[in-house]
Amino acid sequence: MKLLIVGLGSMGKRRARLAKGMDASVEIVGVDSAEARRAEAKELGLVQDAWASIDEAVAAAHPDAALVCTAPLSHAAIISELLDHDLPVFTELNLVRDGYAENMAKAQAKNLPLFLSSTMLYRRETQYIKQAVQNFGKPVHYIYHIGQYLPDWHPWENYKNFFVGNARTGGVREIFGIDLPWLLDAFGDVEKMTVQTDSISDLGLPYPDCATLLLRHKSGAQGVLAADVVSRKAVRNFECFGDGLHLFWEGNPKALYEFRDGDKQFVDTYASFEHDSRYSDNIVENAYVDELANFFDVLKGTETPRWSFEKDLAAIDLMDAVEQA
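If you're matching positions, the sequence shown starts at 623 in this note's numbering and goes up one per residue.
Don't read these hints as lab results, they were simulated from the structure. A couple of the hints might just be wrong.
[To be verified] Simulated pairs of lysine to aspartate or glutamate, EDC-like, Cα-Cα distance not exceeding 20 Å:
| # | residue 1 | residue 2 |
| --- | --- | --- |
| 1 | 732 | 677 |
| 2 | 728 | 706 |
| 3 | 752 | 811 |
| 4 | 752 | 872 |
| 5 | 760 | 686 |
| 6 | 782 | 807 |
| 7 | 933 | 820 |
| 8 | 855 | 801 |
| 9 | 840 | 796 |
| 10 | 732 | 703 |
| 11 | 855 | 885 |
| 12 | 752 | 801 |
| 13 | 642 | 677 |
| 14 | 922 | 677 |
| 15 | 933 | 811 |
| 16 | 752 | 649 |
[As the list claims (entries may be wrong)] Label-pair restraints from in silico Cβ distances:
| # | residue 1 | residue 2 | range |
| --- | --- | --- | --- |
| 17 | 868 | 836 | 19 to 29 Å |
| 18 | 883 | 924 | 37 to 47 Å |
| 19 | 647 | 868 | 23 to 33 Å |
| 20 | 820 | 861 | 47 to 57 Å |
| 21 | 868 | 731 | 22 to 32 Å |
| 22 | 892 | 855 | 17 to 27 Å |
Using N, Cα and C, we set each Cβ at its ideal position, and we do this for glycine too.
Throw the hints in and build the complete structure from the sequences for me.
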């Protein structure tokens, strides 16, 4: 199989590295408008060759599928162009609904897979939480805080120079885009939401740097979801409780606990896990691998995607409502 990766920044390089680690026979080529990124990806051995445009890459390399790893606001046009070349598409988070209806219709008409990343759905901790809540079968509440100081997201560049500096794809919206899918998957659709937003930093952002949501799910679950780009220590603190269930998670595989037999008991969801030291300890490589494996199996016709453009519209509706509150 030959993969075309569009966008050779940090995520494109990560996808290339992991894909080669999963299957050494996979051939990878790339597209990036920046000559320096193309050269770096080739020097690192992540791609065999790279071009400045999709047309050039497709004509020269004849890939079997494509991964879109560019900034979110560019996704719609790139996905459309790749579908025009009859390529199955894997795309990173879109964060906005641009091109959803058109690209879903085009993929359906061409009978091409349109695969949307939602990496938190592949975390074994979130899947354990989902299963525990379903097995419990009674109402639960949860409290969930996710935060990280925005300048620390990409320390190698100014936060105003990549997509989190844009009001449409800001850092708080990015957090919701990452975490709402698994919360909707675990606790069900949201029927009511109350929103509070604030700006408490000197970051000079064109959007509030903190948001707190009170979510009422149709399942009867209720949650407090707080996201910010101000917390100086990267934090992901989750607690879920009901009359007979109490779960705790601090965002990494070594910090999932369940209260039973009078004490907090560690829940081991990974026999082993991979972590890239350049990122916070709540970034686990296994989930990215499992997600790519799902995509490859979708291409083979043996699996279906865990997330979809159709499902993602519900998350985007919530993100839009937060910004309109």
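Original post:
Going straight from one Cα to the other, do residue 933 and residue 811 come out at no more than 20 Å?
Top reply: holds, 10 Å
Original post:
Straight-line Cα separation of residue 760 and residue 686 no greater than 20 Å?
Top reply: violated, 46 Å
Subject >> Pair hint residue 922 and residue 677, alpha-carbon separation not exceeding 20 Å >> reply: Distance ~25 Å between residue 922 and residue 677 Cα, so the pair is violated.
Original post:
How does the Cβ-Cβ distance of residue 868 and residue 836 compare with 19 to 29 Å: does it lie in that range?
Top reply: Holds - the Cβ-Cβ distance for residue 868 and residue 836, about 20 Å, lies within 19 to 29 Å.
**OP:** Could you grab the alpha-carbon distance between residue 840 and residue 796 and see if it respects the 20 Å cut-off?
**Re:** violated, 24 Å
Original post:
Does the Cβ pair residue 647, residue 868 satisfy 23 to 33 Å?
Top reply: violated, 46 Å
**OP:** With a cut-off of 20 Å on the C-alpha distance, tell me whether residue 855 and residue 885 pass.
**Re:** With Cα atoms ~27 Å apart, residue 855 and residue 885 exceed 20 Å; violated.
Original post:
Per the hint of 17 to 27 Å, is the separation of the Cβ atoms of residue 892 and residue 855 within bounds?
Top reply: holds, 23 Å
**OP:** Please work out if residue 642 and residue 677 have their alpha carbons no farther apart than 20 Å.
**Re:** violated, 24 Å
Original post:
Between residue 752 and residue 649, does the CA-CA distance stay at or below 20 Å?
Top reply: Roughly 36 Å separates the two Cα atoms, so the pair is violated.
Original post:
When you check the alpha-carbon spacing of residue 933 and residue 820, does it fall within 20 Å?
Top reply: violated, 28 Å
Original post:
Within a Cα-Cα threshold of 20 Å, do residue 855 and residue 801 meet the stated pairing?
Top reply: Holds, because 18 Å separates the two Cα atoms, which is no more than 20 Å.
The structure shown violates the earlier hints numbered 5, 6, 7, 9, 11, 13, 14, 16, 19, 20 and 21.
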